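*Asks:* Spelled out from the first residue to the last, the chains are:
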Amino acid sequence: MKEKYELRLSGAGGQGLMLAGLILAEAAGVYDGKNVVQTQSYGPEARGGASKSEVVISEGEIDYPKVVNPDILLALTQEACDKYYPELKEGGTLIVDSFYVKKLPPYKKVVSVPITSIAEKEVGRKVVANIVALGVITEFTGVVSREAIKEAVLSRVPKGTEKMNEKALEVGFRIGRESR
Amino acid sequence: MKEKYELRLSGAGGQGLMLAGLILAEAAGVYDGKNVVQTQSYGPEARGGASKSEVVISEGEIDYPKVVNPDILLALTQEACDKYYPELKEGGTLIVDSFYVKKLPPYKKVVSVPITSIAEKEVGRKVVANIVALGVITEFTGVVSREAIKEAVLSRVPKGTEKMNEKALEVGFRIGRESR
Amino acid sequence: MSGEKVKLKGIEWKRYGPLLLNREWCKGCGICVAFCPKNVLKIGEDSKVFVDKEEDCTSCTLCELRCPDFAILVER
Amino acid sequence: MSGEKVKLKGIEWKRYGPLLLNREWCKGCGICVAFCPKNVLKIGEDSKVFVDKEEDCTSCTLCELRCPDFAILVER
Amino acid sequence: MSKARIMSGNEAVVEGALVAGVRFFGGYPITPSSEIAEVLSRLLPQVGGKFIQMEDELSSVGAIVGASLAGIKSMTATSGPGFSLMQENMGLAFMAEVPCVIVDVQRGGPSTGLPTKVSQSDVMQVRWGRHGDQNVIALVPSSVRESFDLIIDCVNLAEEYRMPVVLLLDEVISHMREKVILPEKDEIKVIERKKPPKGQEKYFPYEITEDAIPPMANFGEGYRYHVTGLTHDETGFPTSDPEKINQVMRRLYQKIEKHKEEIIKVEEKYTEDAEIAIFAYGSVARSAYSAVKEAREKGIKVGLMRPIILWPFPYKKVSDLANKVKRIIVPEMNMGQIIAEVKKVSFGKVKVEGVNRIDGELITPSEIMAKIEEVS
Amino acid sequence: MSKARIMSGNEAVVEGALVAGVRFFGGYPITPSSEIAEVLSRLLPQVGGKFIQMEDELSSVGAIVGASLAGIKSMTATSGPGFSLMQENMGLAFMAEVPCVIVDVQRGGPSTGLPTKVSQSDVMQVRWGRHGDQNVIALVPSSVRESFDLIIDCVNLAEEYRMPVVLLLDEVISHMREKVILPEKDEIKVIERKKPPKGQEKYFPYEITEDAIPPMANFGEGYRYHVTGLTHDETGFPTSDPEKINQVMRRLYQKIEKHKEEIIKVEEKYTEDAEIAIFAYGSVARSAYSAVKEAREKGIKVGLMRPIILWPFPYKKVSDLANKVKRIIVPEMNMGQIIAEVKKVSFGKVKVEGVNRIDGELITPSEIMAKIEEVS
Amino acid sequence: MAKSLEYIRLDKFPHVWCPGCGIGIVMGSIIRAVDKMEINKNDVVMVSGIGCSGRMPGYCDFNTLHTTHGRALSFATGIKLANPKFKVITVMGDGDALAIGGNHLIHAARRNIDILAIIINNWIYGMTGGQYSPTTPLGSFATTAPYGQVEPPFDVLKLIKGSGASYIARGTVYHIRELDKLISGGLQKKGFAVVEVISQCPTSFGRRNKMGSAVEMMKRQKEETVPVKKAEKMSKEELKGKIVRGLFLDEERDEYTERYEKLIAKAKEVHQK
Amino acid sequence: MAKSLEYIRLDKFPHVWCPGCGIGIVMGSIIRAVDKMEINKNDVVMVSGIGCSGRMPGYCDFNTLHTTHGRALSFATGIKLANPKFKVITVMGDGDALAIGGNHLIHAARRNIDILAIIINNWIYGMTGGQYSPTTPLGSFATTAPYGQVEPPFDVLKLIKGSGASYIARGTVYHIRELDKLISGGLQKKGFAVVEVISQCPTSFGRRNKMGSAVEMMKRQKEETVPVKKAEKMSKEELKGKIVRGLFLDEERDEYTERYEKLIAKAKEVHQK
Ligand SMILES: Cc1ncc(C[n+]2csc(CCOP(=O)(O)OP(=O)(O)O)c2C)c(N)n1
Ligand SMILES: Cc1ncc(C[n+]2csc(CCOP(=O)(O)OP(=O)(O)O)c2C)c(N)n1
Ligand code: SF4
Ligand code: SF4
Ligand code: SF4
Ligand code: SF4
Ligand code: SF4
Ligand code: SF4
Ligand SMILES: [Mg+2]
Ligand SMILES: [Mg+2]
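Chains as they are written, first to last, in this note's numbering: chain A, 6 to 185; chain B, 6 to 185; chain C, 227 to 302; chain D, 227 to 302; chain E, 48 to 423; chain F, 48 to 423; chain G, 41 to 313; chain H, 41 to 313.
The following block holds chain A by itself, in its conformation from the complex (with noise of 0.2 Å):
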């Protein structure tokens, strides 16, 4: 693995990716012992949905906490695939949600998968799209652990969700396998 990792998870407020970053933070810094830094951009005052979240995972210290060209960069709306693509950094991976992203744009490493339809018929709901996600992101890039995601997974998500999330996750995994 790189000495340092940076991620962009992208889309629409509301879609969770708030808490996917912190969770992937989480399972990258607590439980994979790496150092970590995770952003996040608002929007008007502190309400609404924020558009992006994003991770630098690193073996070393992480000054500028910022993600300027992303190593793997998540699109679960056209409109952020569309906006933050040109940013990848060459040679990164893009991971989109085929469910709403349908105008790819014309690069080799791209990974399509209807990520929130998946989520709805394998888990039952589309809430847990975001979770789906981060099980995609691991296994098909491995920028943390399996085992990490996991506990990070289960100590964030509301009591009760935990076997649904967790699901989501295996499905996940299942799909960044697939994918790869």
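By construction, these hints were calculated from the structure, which means they are not laboratory data. Some clues are possibly wrong.
[Unchecked claim] Heads up, simulated SDA-like pairs for lysine to any residue below, C-alpha to C-alpha not over 25 Å straight-line: (1) C:Lys268 <-> G:Val56; (2) B:Lys71 <-> E:Ala417; (3) H:Lys201 <-> G:Phe288.
Nothing here was measured: the structure is a model prediction, and the numbers come from that model.
For this one, chain A is given, so just place chains B, C, D, E, F, G and H with the ligands on it according to the hints.
*Replies:* Same frame as chain A, now just chains B, C, D, E, F, G and H with the ligands:
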């Protein structure tokens, strides 16, 4: 006459010293055509009577506006006399209201006249003591002309009280002359 | 001529009987749907309003009055 | 023993029957004088309160209660 | 011909404001500024103007900004505690570029401090009292007559540069009565805000103009524009586009940077051959001038530089001065605020020393004289 | 052993405040500080502390000063607009010498500005935002962990010096989540206010002590003293005697002057042999450090000086730095505020240049790198 | 009724408010009131403070002013007094009007200055993400009331009644025709007029208090309010948990700027003498 | 009754107030109320803002705090909430409490926090020399109302009633025994208690309005007020120009710091789980 005169009118709040200072300034500045600056001190915030009013009269420019060592000190109360007498310029003139100031400092150039009681007796109102005092100062020191002080008094006192104040001034002139 | 495009003040609307919809502005809150006395409106797959039973509309304007997004106009 | 000096809390007062005056504190507003039901008090030449008719005082304490300067105490 | 009058600094402010066209005052009383409000409450309605005593200082600035947007020249007056409360809405006036004048009559601080006594301890607050970056204009008179002149300048500058402008009085100048002869109306230049031509199709209230000062339409004149304290683009509508913000915000700053040299104003006395210079403002400049004259009589070559406009600060002029003289003395009635600005541009050139008082008393000529003798 | 946690700067402030003994929070929500209030509203009552959302920022400071006088360590948190409103009561806290902590999370200004974006444009306001002279203490963390450490320092300094102390966060640090391992409680030093011995006959709350910090009794402990924002003597009662005012006011100023060297704190990296120095604080220091490392890799001798305590300003250290290096670069997210302080003591020695952004975005390492390459 | 579009800054649409937020409904109602009175748009000034509701002026084609948090009425007072020809409307949130801005509200009411003040009461600080406001009901949850609110809320209309004002009303966005009448009445009133509008904030209040969607929240407005006429006939018991809506006060009182015009006349007279 | 002296900082006497000023009379009444309740002086905190009335704490031998103009109640709120054992009394002028400080007053009332708030209403800004205040009667003169006041005054008690509070009363310094009862009742009340005291300011108000001496002004207090009981039986006509005095409200409501203690108990419970 000297080039520059510094006067301090002191006493208690309510004795009309602010008005007296203003009239003196107007007499010297507007009617006698000299340069003049008038300052005063206030109690806590603006309320209540100030305890001193200072006037600097000069043929030339007046820079520093305050009075450090007055040429002429008017003291209408014992407290004011005790407090300010030590600052009197050498050779300066101390004018006290003997109605209130019983303990005189050991000093030659003291003009001690019962200003307040004369005001009451001869003009019929204690409140014009300040105008009587102006008369005394004018006549005794010549810092302003008689005509100037008269015009200034008449233009500043409330309508309807001109007669009374003119009389007070005249009384002041007389005592001033007598004390010379 | 359901769904006919109409320009109003430079903005594009679609006409359904007395109703004009601006689906660009609609945020799919469902208020118009819930409080239409005649159940004329529905929320579509894309989470935006559409006119389901144009013919039932009485032009009461309640949907216009309550739409927070100015996305419905009712012609009378 | 009218006018006898009394020390209370280190402050000097003068006693007139039931009344204790602190003329240092009195500002001569005349409130006590005006509202004493028995006309016991007066304002002196020096514009401060004095006890004029000590014997008429009923110790009603109204003067103490209304003096803004805490310059009168009434002993009961 | 105008005749001589005896007038206080506060009264002179009132007279000047009226001449400059101020027709709205919203304020909250506070010593030592209250006379400004009091006299205006009497005089404004006589000329059809409006006076309102607001519920506090925050709303006072709100009211004058509102009045100004409605097209009426407006002002308020306060002292330290009130000035502290005005900072937030002053920031809005900067951001929204609304002309208005704030008079701060300085008294002893911090906090309630010394309400009836003099100080000069708000001079840095004027510059930095608000969150966010702003470039400010503040004028500081040394006499009653100058209070009259400078309030007119304040109103003019506010209108010209579309921004709040501060008149920094101190208690001595505000309460001192001096003989003055005021100029006739026709001798006085009054500036009106630059307006967009009528009937333009589009009006951009925050346009990037050559001079960095966009024309300003008044409310009700037909251009129905939007005013906000949020970062906005040239149309006035909120934006969070970094590029646009950068443009508009830098223009806001440039407004003064660009015109600095025209704005800055200092008075110099005996500086040509001076070996010691005194840098003094407000009432202290009077004591300083007195000391200078005394020193000259004693043969000591002392000069005085007196900023009439304190902000933007005359760095260039002070720097030139520092090249000429051997010492600079900065007497001020605070713990040493402006001295730091003087030092900024005289560092390494000359020694700069302060004479400071914070006890509510005006620095005397002899205190300054003592310092002169000490260093000469 | 404490374990690693992922935590935001705002959360770290909360954790640190609780460890330092803060048991009272009075505040008014404002982005980007609101999480501090939100988390404290949950955690304070769990440890018997009190949280109150006041009606505005003016009363927030009022409430925490009151609570502190009652003997409870207290704090508030806000951002620019709220901070502007806090100035007057902050002045009272200075004057009355009441310990308390104010967290200002900086966002884009002026006015409402850019509520959710970063800036560093309140750094001069902290120093000069109030009327009257005051000497201030302000701390400026660069990481989540440091936010934890410095809020504790703030509380300690407030108690030690009997004054309000400001923690200056910026939006990036406040919202950024980082991995931290917090120290154990017994590793943390917590300072309590110095109290007068019990049963003293007389207690002078504003005594002129050797260290310039008089002991402070809490209300209710038997010394029934008077607290006022008016100038007062050592007993605490108002005075307008110039001599007494002078004594007490100068002591107030000396409190920090005297202890400056103990208070000041900077971090230096690679400055020993540096030819170019970067002076940066807060989140920008992170970008700067990144640029320094990159430059070093390219063989350019660059070093970083990072003030941890911004006020009192480390003039001496900067002056020493200016003697060593050839250039100083001051990147900051404002129009150039702290650069002026750096220039004050490096004038004539080295050229000092800024890298400035005011568009709500964090300055990037490459922007700083570009400047380094430009000047090297 | 395409007429509303004439009052909207179309290029700013769609607006920033969340799906289902009631603020847009209030905006429609205000626009219809202006339209009904046939006031020239150039003579209308709309002023707001900071908050979600504070964004309304940006969308309305009047002279518009978005001020600082809580201070809308002080700017409005300056505008109205400086030029009484303006029809001035202020739009404020509950936090804006009643927390930080409470003082300006009671003073504007006291002065009885001719301003229409709309208070959009969504029981919460919407913009900043859901902290409690001075109207948040006892026991409700907010980000700063994680154990349920313990501060009693204001009864807004009582507060205003205690301060002055000529016209006081309360409506809901659900009762939209009634709201139109109340707002239009307030706009026509010469004097200080307050209309409190109960509006849903599904994002910052509804969600945390498990109130369901915007639609559910509007249904509550229907169920939990009673018209003032009906309320008069109800017992205290019956009124428990109910909010009374309708017109509470409509009085003729001297208006402030008119009084001030008289003062000017007097001053000019004195001056001429 | 030399007992009052035990509560006074004797070395600060004579005080700064003008001859005949009513503030000193109010101070006496407060002291008697404290004495009557036998509260330990160490447990009393007296807080004021800025104004003539704001000088009172300097003369009282309690824990005393002289804050900024208008903000007394916010400091008092911090003190009381931080340590509810304190008996907190705030003393404010009409400008202090109702102009600049109006917001804190209505919010303290809303919270119903256990503080006794004394508002010394002399109809004017005394300290700053006589500018009008939000209680200055219509038509009265003030330095900033040279043509007579045109802003209607607050009815202080209505305003407070509209905000909350448990105890509301109005007295005058003339009716001193009644005032003692009202203040003592307020001090005993658990909850927010307001006593408005009508007091003369001969210097800044009386003189300008040709009301004569302090004595004359106190006579007016007698003539121009009616007790609340009597007022109930009077017609509107008869009440014109009269001020009603007495006890207006005395209610049992949950007090704020007590509610907060319950919140703490709940939070601790949650925490332990
Ligand atoms: C001086 C100041 N303090 C705090 C804020 C932060 N702030 C912005 S909006 C707001 C409250 C919003 O609530 P409300 O007024 O009810 O409006 P809503 O968003 O609910 O419509 C707050 C506290 C600010 N902008 N300015
Ligand atoms: C922020 C601020 N604004 C204004 C003042 C000036 N000021 C001091 S006291 C006062 C009003 C006094 O009136 P009131 O509150 O009625 O008290 P009174 O003197 O009549 O007892 C004012 C305006 C101040 N000290 N601080
Ligand atoms: S009410 Fe408006 S925004 Fe909501 S669903 Fe209907 S049309 Fe769309
Ligand atoms: S106009 Fe009335 S009936 Fe027609 S769709 Fe709208 S609400 Fe339904
Ligand atoms: S009431 Fe008090 S101050 Fe007034 S005259 Fe009587 S004793 Fe003196
Ligand atoms: S106690 Fe009563 S009777 Fe005696 S002097 Fe006083 S007021 Fe008069
Ligand atoms: S946060 Fe609430 S009030 Fe704000 S726009 Fe969203 S729903 Fe409306
Ligand atoms: S000015 Fe008025 S309120 Fe102030 S002390 Fe004098 S009489 Fe009392
Ligand atoms: Mg709200
Ligand atoms: Mg008063």
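*Asks:* If a hint holds in the structure, say so; if it does not, say that too.
*Replies:* These are the hints, each one checked on the structure:
{"no.": "1", "hint": "C:Lys268 <-> G:Val56", "result": "holds, 23 Å"}
{"no.": "2", "hint": "B:Lys71 <-> E:Ala417", "result": "holds, 18 Å"}
{"no.": "3", "hint": "H:Lys201 <-> G:Phe288", "result": "holds, 17 Å"}
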